[in-house]
Every structure is written in structure tokens, then in C-alpha cells.
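Whole structure, please, built from the sequences with the hints as guidance.
Protein chains: 4
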Amino acid sequence: MPQIGDSLPMLRFHQTPSVLCLKSVGIICEGKKIRFGEFEFASSLYFSYSRSFKPKSLDDMSNPLFDLETLKAELAGQNPRAILKAALEYFHNLAVSFSGAEDVVLVDMASRLKPGISVFCLDTGRLHPETYRFIEKVRERYDINLEVLNPAYQELESLVKEKGLFSFHGDGHTECCGIRKVGPLRRRLATLDAWITGQRRDQNPTRLELDEVGLDSAFSTPENVLYKFNPLAKWTSAQVWDYIEAYDVPYNELHRKGFVSIGCEPCTRPILPNQHERSGRWWWEDAAKKECGLHAGNLHKGK
Amino acid sequence: MPQIGDSLPMLRFHQTPSVLCLKSVGIICEGKKIRFGEFEFASSLYFSYSRSFKPKSLDDMSNPLFDLETLKAELAGQNPRAILKAALEYFHNLAVSFSGAEDVVLVDMASRLKPGISVFCLDTGRLHPETYRFIEKVRERYDINLEVLNPAYQELESLVKEKGLFSFHGDGHTECCGIRKVGPLRRRLATLDAWITGQRRDQNPTRLELDEVGLDSAFSTPENVLYKFNPLAKWTSAQVWDYIEAYDVPYNELHRKGFVSIGCEPCTRPILPNQHERSGRWWWEDAAKKECGLHAGNLHKGK
Amino acid sequence: MPQIGDSLPMLRFHQTPSVLCLKSVGIICEGKKIRFGEFEFASSLYFSYSRSFKPKSLDDMSNPLFDLETLKAELAGQNPRAILKAALEYFHNLAVSFSGAEDVVLVDMASRLKPGISVFCLDTGRLHPETYRFIEKVRERYDINLEVLNPAYQELESLVKEKGLFSFHGDGHTECCGIRKVGPLRRRLATLDAWITGQRRDQNPTRLELDEVGLDSAFSTPENVLYKFNPLAKWTSAQVWDYIEAYDVPYNELHRKGFVSIGCEPCTRPILPNQHERSGRWWWEDAAKKECGLHAGNLHKGK
Amino acid sequence: MPQIGDSLPMLRFHQTPSVLCLKSVGIICEGKKIRFGEFEFASSLYFSYSRSFKPKSLDDMSNPLFDLETLKAELAGQNPRAILKAALEYFHNLAVSFSGAEDVVLVDMASRLKPGISVFCLDTGRLHPETYRFIEKVRERYDINLEVLNPAYQELESLVKEKGLFSFHGDGHTECCGIRKVGPLRRRLATLDAWITGQRRDQNPTRLELDEVGLDSAFSTPENVLYKFNPLAKWTSAQVWDYIEAYDVPYNELHRKGFVSIGCEPCTRPILPNQHERSGRWWWEDAAKKECGLHAGNLHKGK
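Residue numbers (our numbering), protein chains in the order written: chain E, 1 to 303; chain F, 1 to 303; chain V, 1 to 303; chain U, 1 to 303.
Hints listed in this document are in silico derivations from the structure and should not be mistaken for laboratory results. Among these hints, one or two may not hold up.
To be verified - Coverage of chain F stretches by chain U, computed from C-beta distances (three or more under 8 Å per stretch; other residues unrestricted):
#1 118-131
#2 134-146
#3 162-176
It should be emphasised that the depicted structure is a prediction, and the values quoted were computed from it without experimental measurement. Cβ coordinates follow ideal geometry from the N, Cα and C atoms, glycine included.
Right under this line is the structure:
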């Protein structure tokens with residue numbers, strides 16, 4: 001938390017037009033001026049100071065430390081690298097979410113921008129053997145700090161005892177994803193200020209309005225405001241695969257077996273030529289509900 | 001069959017110099033004249049009227065019995081069923097070529113238009129097990145007269161003795177395709193007036209100018225003029241797959257394993273998402289040469 | 001713990017010749033008589049009273065409530081069903097351990113002897129997809145109370161963060177098995193008086209001296225004495241498979257793909273004809289160490 | 001061809017009681033004497049001189065040039081290498097039959113004894129992709145003259161046209177094997193004096209009385225007497241696999257997928273642990289009939 005009197009070098013300034021009002025930390029905006037302790041700046045400057053500058057709670061959202069709408073506008077239509085770069089500038093305490101599939105391009109880009117960056121993926125305990133091998137390959141190839149997150153056994157054992165190992169076929173995937181994916185994810189996100197995902201608009205009808213950046217309403221808590229960057233939001237599958245080929249990025253062997261979108265083994269299947277990639281996921285369910293809970297926010301946007 | 005006295009409009013005249021001798025239907029060729037009933041025409045006219053009207057040899061080609069250019073123009077942009085229908089009207093002695101892949105839509109359409117239609121496919125001896133099962137499935141499902149053609153052992157044994165079972169990797173696929181595909185095909189085509197293939201423009205750079213119908217310059221012989229219909233020429237892969245889904249047409253299981261274009265097992269592989277389907281065929285060779293000899297004519301068109 | 005003066009119905013008598021010496025609970029054996037409080041019985045009777053009759057701790061082992069050596073002798077060479085029956089008579093609080101492989105014969109036998117019997121298996125999070133399907137099949141087929149046990153995420157995440165997903169290749173399988181198998185197993189065994197396993201002598205050089213029953217020195221704790229029954233100890237693989245065929249017992253699909261002994265996916269492989277089944281497990285390690293920790297006791301017997 | 005006057009060293013004598021009658025080359029048998037040119041021998045000697053000394057026809061069989069019974073007795077219980085060696089001594093015009101499976105040990109042994117030896121295998125056109133890769137591997141690894149034999153298209157096309165690609169399921173495998181295996185084999189064997197096969201007694205109930213050498217009654221013709229050596233007759237599967245491991249002999253990848261006995265793809269399947277290897281072949285047929293025609297002689301022996 002910057003204090004009045006902190007020395008200047010602790011702040012990183014950017015030339016942006018936003019007007020900040022940071023009274024709580026003794027930073028006062030007056031007209032076009034910002035006063036920080038005894039210093040005064042043109043209000044056309046603004047800055048990120050990672051976590052410290054984030055609103056402390058959702059109650060404080062009326063007063064974000066960076067202006068989300070402005071950032072959205074800035075990033076709209078930018079290329080993934082530019083979006084990643086912005087994410088890394090605005091937030092220090094952030095991590096890339098890697099699903100073990102084509103979103104590896106994010107890992108490739110991010111590790112070049114910031115060696116040693118935090119990357120996490122969710123090991124649901126039901127991934128394909130190929131996916132585990134792929135995750136390990138990525139871990140070995142890139143200069144990243146990879147965490148593989150697992151579900152809590154208590155919840156898992158209780159679900160399986162009651163409903164068996166394939167409850168999703170009868171009851172839908174939400175309950176199982178809730179334990180195997182959302183639980184561990186929520187645990188990790190609670191410690192972050194922002195995360196970076198590989199979601200794309202062309203993946204699913206539920207993702208048609210996906211923005212490059214947003215407040216993560218699904219995983220922000222009263223105690224922790226969470227932002228979500230989607231650097232690939234407007235890339236097409238073709239662009240992702242061009243990148244993979246051009247940069248010789250490793251890919252999941254399953255992509256050589258007809259799989260496009262890849263999730264858990266029992267809930268993923270190869271697709272036919274010209275089928276939509278999402279038809280390979282939870283194919284027994286309605287397309288409009290095909291979010292696993294990681295990006296559940298997408299489901300409610302349309303209405 | 002035109003009869004003496006048929007009114008003129010039943011015949012479609014074309015400006016060609018061929019001399020016809022159609023005595024059986026009362027059409028007499030005398031010198032450079034044709035008499036049809038009481039009418040007499042310059043022999044520079046010709047017409048098609050199914051088999052009887054086909055030129056008997058390539059020497060006669062300057063004078064085909066139906067005007068290819070007119071037919072081309074008529075069929076240009078027609079839907080596959082219309083093209084198939086025309087093929088079936090113009091030729092009785094024709095067969096559908098089925099490769100064991102998505103061109104099954106042709107078999108589906110053709111068997112509805114003409115139950116018991118001749119269909120042939122080439123069993124190179126190196127197809128995928130899945131492809132044999134698929135061919136059998138098609139044989140059982142449709143009312144067709146299916147022939148499965150095999151190569152001559154003499155040529156095969158001599159090639160393999162000299163170069164082994166994978167000579168195509170070093171020497172290109174032409175020699176092997178020549179024995180396993182082109183030989184048996186040539187044998188069969190020599191007995192036909194026309195054949196129907198599943199080629200599409202979007203399959204390959206070599207097929208960009210593919211027409212709905214053409215003289216098959218590769219397989220016509222001095223003794224036998226051969227026409228080739230490509231009813232799917234202007235369909236996209238997406239249209240083919242829409243048809244397969246809509247009509248519940250059986251498909252090769254390999255399409256569920258990442259395969260799009262399917263040929264012989266050692267020369268076919270699944271493709272990555274967004275790769276061109278032809279990258280799954282003879283991937284060690286140059287894209288511009290990827291014709292197996294069945295449609296070798298495509299290779300020389302561009303120049 | 002039965003007390004002198006307990007009423008008779010609390011004891012279940014069996015006609016067996018063993019002589020019990022239960023001084024600590026006031027049961028005295030005198031020659032061929034047993035005195036229990038004021039009652040006196042012929043020593044040809046003996047009884048099980050499940051947990052109550054088990055020694056309360058390892059300190060008490062000098063005085064087990066049933067005589068292990070006698071039971072060993074009785075069960076030596078008995079068929080698996082007889083051994084299972086004895087296990088079920090002596091212990092109420094016991095469970096069958098099912099590994100997702102051929103030990104399904106135990107589940108088949110046990111569920112016939114005692115419908116609703118407790119069965120548990122260890123879901124390490126790295127099983128083959130086929131194994132999950134098989135476990136579910138077994139769950140649906142038999143009248144059993146199946147628990148699927150999972151590892152604790154804290155230990156797992158910390159191992160993987162440090163050493164990745166395939167640490168066993170470099171460091172041996174003990175550490176990984178410790179977290180994924182032994183941890184959850186220990187947790188479950190701590191609540192049991194006895195467990196039933198599918199171990200066989202012919203599986204591994206480490207199992208050559210396996211008995212039908214024994215004190216489980218690896219998982220007994222100062223607070224809980226644990227017995228272990230191995231009803232298949234002296235069966236051969238051939239007998240197991242005869243049973244599977246004769247009783248139409250479901251089996252893991254992997255057995256149709258060359259797998260014999262089945263464990264975790266990265267640590268299991270199909271074997272060649274005539275290879276020893278154990279060569280399909282942890283093949284990069286020395287045969288004499290191939291126990292996963294479940295039956296670690298086997299490793300020290302020989303010395 | 002030995003001529004009258006050839007010096008003795010050209011002949012190799014063996015102590016056998018057979019009486020030879022080699023008039024055509026000037027060798028006369030008189031009573032118990034053999035005169036060869038001006039030399040005269042006790043008829044208890046006999047010799048092999050490769051093809052020239054073979055009886056010219058079945059009519060001549062009463063008078064074989066080497067005494068089969070003696071050879072049988074000599075080879076009985078010999079190790080495969082000794083049997084191979086004898087075969088190579090007695091016959092120059094012989095070839096090893098290689099099926100693309102574990103009989104590769106024969107190729108390994110034979111190519112060491114006689115570099116450049118003739119080996120043939122039958123490409124039925126329905127082998128597994130893995131088998132073709134394996135055959136090629138063997139071709140590249142050993143100093144052999146490998147021929148891959150194919151069926152005649154006329155018979156194949158006619159069978160398939162009438163009955164489809166899986167007629168063996170309904171009609172039994174004999175007809176299909178007849179065309180795909182026996183035809184090409186017969187063609188090749190007609191040019192040989194002897195062949196060497198990998199048959200073993202333990203493979204099949206039909207092979208229980210298999211000898212190390214015999215007259216091939218199935219493929220001898222009035223014009224050509226054919227002998228058959230089975231060097232592995234008395235080896236067990238375990239011995240074969242010990243050899244493969246000890247000598248680092250390449251093996252068919254299918255052996256890593258649960259396949260033991262390997263034939264055509266649609267007629268071969270992996271077996272379960274402890275199943276007899278032959279249960280993986282033509283499993284819809286009676287075990288006592290499981291010969292493909294190559295060794296049909298085995299079927300009639302028992303009676």
C-alpha cells in the first residue's frame with residue numbers, strides 16, 4: 001500500500017487519460033491534477049501498482065484503481081501479445097490458466113514476456129494420458145512456474161460413493177466439474193488479482209460476447225476482486241493453429257487423433273470433419289450450457 | 001433412341017465433322033451428309049443420345065457425339081443430384097467410383113436415382129481396416145452393384161521385391177499408386193463410357209478448376225472415349241458433411257479419429273485442427289503433386 | 001471387549017478345534033475347556049466376535065483374540081471362497097480391496113457371500129480411462145458398497161510442483177505411490193480390522209511366500225491391529241482367468257489389449273507373449289522392488 | 001546334375017538303407033549296390049544333391065533320393081538351428097515362409113546360416129498395418145531375399161463381388177484363405193523343393209503331432225515333390241520369445257497389444273491373459289478346424 005511520502009520510483013506511470021481518485025491512500029485527484037503525498041501529477045498519467053492499487057473489495061468497485069472500461073476500450077481488438085503485456089503491467093499477482101490444449105499458445109507468449117510466470121492447470125483426475133504427457137512437456141519446455149491443481153478428496157469420494165464415476169451422464173456435468181475443476185480453481189483464484197485464460201469467441205455460442213478483459217464476476221469475492229484477461233478472445237481457431245505451427249509450439253497428441261476442444265477424458269470426444277469443436281464436449285447436453293464452471297459467467301451474459 | 005420421323009427438337013445438334021452411321025435407327029451417313037428420316041444434315045452436326053451416340057474411338061474425338069462444352073455449361077453450378085441425373089441420362093454404361101471416404105454421399109444419391117447402379121472401389125491392399133469395414137457397410141446398406149478392384153500380383157510382387165513395402169517414402173507415391181490404384185482402375189474404366197467421381201475443388205490446389213463434367217483425357221484410350229462427372233466439384237467439405245448428417249449416411253470410422261481425406265493406410269494421417277485436409281495425404285511430398293493418378297489430369301491443367 | 005459375566009448371546013460359537021487363551025478378558029482355557037466367566041465350554045468351540053475380540057493394540061499382540069498361526073494353518077491351501085468365508089466370519093469390520101484388474105474375482109465371490117459388502121479401490125488420478133469404466137461396471141454389476149479413494153491435494157500439488165507429473169521415472173515409484181495410493185489406503189485401513197486383497201504368489205518374486213492370512217505389519221498401528229487376507233494367494237493367473245470365464249465376470253478392457261497386471265497408466269504397459277506379468281509394471285525398476293506400498297510388507301520378508 | 005565320371009567328393013554320403021535308382025544320371029542301383037559311373041557302393045549309403053537328387057515326381061516317390069524316415073529320426077528333438085542346417089544341406093532350392101509374426105526367429109536363424117536366403121511371406125491384402133511395417137523392418141534388418149506374394153485379382157474380385165469383404169464370418173475362412181493365401185503359396189511352392197515353416201506343436205490342437213520334417217502332401221504335385229521343415233515344431237512359445245529377447249530380434253508391434261498368433265486383421269484378435277493363443281484366430285469357428293490351408297495337412301493326420 002503506497003503511503004503518502006512513498007518515494008516516486010515505487011510507482012510506474014503510464015500515459016493514459018484516466019482520472020483516478022485514490023483518496024483512501026492519500027492520493028487526491030483535483031481537477032486534472034493528481035496529488036500523491038506532496039507530489040502532483042497531470043491526471044493524464046495513471047499507473048498500476050499491482051495488488052495494492054486494486055480495489056480492496058467489491059464494495060469499493062465504484063472506485064477501481066484502474067478504469068476497466070477504459071482498459072477494455074484500449075485492448076479491444078489488440079493482438080494477444082499486447083493484451084498479455086497489458087495484463088502483466090497492470091497486475092503482478094496474476095497467473096495464466098492452461099487447460100492442456102491449444103491454449104498453450106498463451107503459455108508460449110507469456111513465458112517470453114515474463115520468464116518464470118505463474119501458470120496453473122487443473123488436474124481433474126480424469127484427464128487423458130496424452131494430456132498429462134502434454135502438460136509435462138510444456139512444463140519442461142518453458143520457463144514457467146507450473147502448478148497442477150487437484151480436487152479435495154472428501155468431496156470427490158462422497159460424490160463417487162453416492163453416484164459413481166460417471167454421474168455427469170445422468171445429472172449433467174456441473175456437479176462433477178464443480179468438484180474437480182471449480183473447487184481447486186476457486187482455491188487458487190482466491191489468492192490472485194487477475195488470471196489469464198485462453199477462451200475464444202469462436203469456441204462456443206456462450207462465448208460470443210467475450211471481451212479481452214473483464215471483472216471476473218464468478219470468482220471475485222467480497223474479499224478479493226478478480227480480473228480476467230482473455231488475450232485470445234478474438235482469435236480464431238485457425239489463428240491459434242497458425243501460431244502453433246509458426247512457433248513450433250508443442251501440442252497435445254490428441255489433436256492428432258481428431259480432438260479439437262479437449263477436456264476430461266470421459267467428457268471429450270473427437271469430432272467429425274466440419275463439426276463445431278464444441279460438439280466434442282459434453283455432447284449429451286445442450287450447446288447453450290456447455291461451460292464447465294470456469295467461465296460460468298459466460299452463461300448469463302446473453303439474456 | 002431416336003426414330004425415323006422424330007421431330008428435330010429431340011436431337012441436340014452440335015457443330016462437329018463426325019460421320020455417323022446409325023442405320024439401326026434409320027439415320028444414314030452418306031459422305032459428309034447425315035440423313036435422319038427425311039432430313040439431311042451436314043455431317044458437321046452431331047448429337048448425343050446416350051451410348052449409341054458416343055464416338056467409337058479417340059480418332060473420332062474431333063467429333064464427339066454430345067457437345068461437351070454445352071453440357072459443361074448446362075451443368076455448371078448445378079447441384080450434385082442434378083449432375084448425377086444428367087450423367088445417368090447421357091450414359092448407361094457408367095459407374096460411380098467410391099473411395100471409401102466421404103464420397104459415400106455420391107453412392108447415397110446415385111443409389112436413390114438408380115437402384116442397382118454400378119459402383120466400384122479400389123482395394124489397394126493397403127487400406128485401413130476401418131475402410132474395409134466401411135466399404136462392407138456401404139455394400140450392405142445400399143442397393144448397389146459393388147465391385148472391389150485389386151491390383152495384379154505380378155506388378156506388385158516385382159515392385160515389392162525390388163523396393164519393399166514402403167517405396168513411396170523414397171520414390172514418391174506415383175509408382176505404387178500406379179500399380180495399386182491406376183492399373184485396376186484403368187482395367188475397369190476401359191469397359192465404361194463414363195465414370196462419376198467424388199472430387200471437389202476445395203480438396204486440393206490441384207483441383208481448383210475442376211469442372212462438373214469433362215472428357216477424361218487420362219483414361220480415354222484410342223479404343224474408348226471416357227467421360228468423367230464430378231457432381232461434388234463445387235460442394236465444400238462442409239456441405240458434404242451436412243449431407244452425411246442430414247441423411248444419416250454411414251461414414252468411415254476414421255473420420256472420428258481425426259482423418260479427413262482418406263487413402264491408403266501408410267499414406268494417410270489424421271490432420272491437426274484447421275490444417276488443410278490434403279496435408280493428411282503423402283505429407284512428405286509437395287502439395288502441388290498430390291494426385292494419385294486417378295485424377296492425374298488435374299496436375300497438368302494449370303500450365 | 002467381552003467381560004466376565006457377559007451374556008451368552010454375545011458370543012457366536014463355531015465348531016472348531018482351536019484352543020483360545022484369552023486371559024486378559026477373563027476367558028480361561030483349561031485343557032479342553034474354555035471358561036468364560038462362570039460358563040465353561042468344550043475347547044472345540046471357538047468364536048469370532050469381530051472387532052471386540054481383536055487385540056486393542058499391538059502391545060496386546062502376545063495375546064490375540066484369535067490365534068493367527070492356527071488360522072494360517074487352517075486356511076493354508078484352502079480355496080479362495082473358503083478363505084473369504086473365514087475372513088467374513090472372523091471380522092465384521094472388513095473390506096475388499098479392488099484394484100480395477102483381475103482381482104474382480106474377489107468382488108464376485110465376496111458379493112455372493114455377503115451382499116452389500118464394503119469394497120474400496122484407489123483412484124490415484126492416473127488410472128487408465130478403461131479402468132475407470134471397468135470400476136463403474138463392477139459398481140453397477142455387483143451388490144457392493146463401493147468406495148473410490150482419492151489422494152490429498154496438498155501432498156499431490158506439492159510433489160508435482162517440485163518434480164512434475166512423471167517424477168517416478170527418475171526417482172522411483174515409491175514417492176508417487178506413497179501419495180496417490182498409500183496415503184488414501186492408510187486413511188481407510190485405519191478404520192478397518194481386516195482387509196482382503198487379490199495378491200497372488202505367482203504375481204511377483206516378492207510374493208513367493210505370501211500366506212492366505214497374516215497380520216498386516218505395514219498398516220497396523222499402535223491404535224489399530226490390522227489383518228490381511230489373501231484368498232487368491234495360491235491361485236495361479238490361469239485359475240483366475242478360468243473363474244472369470246466360467247462365471248462371466250466382467251473384466252478390464254485393457255486385458256484385451258495385452259495388459260495383464262494393471263496399475264496406473266504411466267506405470268503400466270502391455271507385456272509380450274510369455275513375459276512375466278510384472279514386467280508390465282515399473283519396468284524401469286528392479287523386479288525385486290516392485291511393490292507399490294500397499295503390500296510393502298512383502299519386500300522385507302525374504303531377507 | 002552329377003554326371004557319370006564325376007569325382008566322388010561331389011557326393012555326400014550318409015548311412016541309410018535306401019535304395020536309389022538314378023538311371024537318368026547314370027547311377028544304377030543293383031540289388032544292394034549303387035553304381036555311379038564306374039564306382040559301386042553299398043546301398044546303405046545315400047546322399048543328397050539338392051534338386052537333382054529329388055524324385056522327379058510323385059510316381060517316383062517309392063524311391064526318394066533321401067530317406068525321409070531316416071531324416072525324421074535324425075532330426076527328431078534336434079534344436080531349430082540343427083534342423084535348419086540340415087534343411088539347407090539337403091536342399092538348395094528352398095525358402096523360408098515368414099508369416100509376419102514370431103516365426104521371425106526362423107528368419108533370424110536362417111539368415112545367419114545362409115545369408116541371402118529366400119524368404120517369402122503372404123500379403124493377403126488384409127494384414128494389419130503393423131504387420132506390413134514389421135515385414136519391412138525384417139526386410140531391412142536381415143540379409144535375405146524377401147518376396148511378398150499377392151493373390152490373383154480375378155479370384156479376389158469375383159469372391160468379393162459375390163460375397164463381400166467379410167464372407168469368412170458366414171462361410172468360414174477356407175474360401176477366403178484359399179484365394180488370399182493358398183493360391184499365391186501354391187504358385188510359389190510349385191517352384192521349390194522344400195520349404196521351412198514356423199509351425200509349432202503348442203500352437204494348436206491340430207499341430208500336436210507335427211514332425212520336424214515331412215513330405216508336404218498338401219502341396220506336392222505330380223510334377224513336384226515338396227518337403228517341409230518345421231524347425232520350431234517342438235519349441236514352446238516361451239522358447240520362441242526367449243530367443244527373440246536374447247537375440248534382440250525385431251517383433252511385430254501387435255505383440256505389444258495383446259496379440260499372440262497373428263494372421264489377417266479381420267480374423268485375428270488379441271487374447272486375454274492365459275487364453276490359448278489360437279483363440280485369437282477365427283474365433284467364431286471350431287478350434288479343430290483352425291488351419292488356414294497353408295498347413296491343411298495337419299487337419300487330416302489324426303484320423
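Hints and how they fare:
{"no.": "1", "hint": "118-131", "result": "holds (count 5)"}
{"no.": "2", "hint": "134-146", "result": "holds (count 5)"}
{"no.": "3", "hint": "162-176", "result": "holds (count 3)"}
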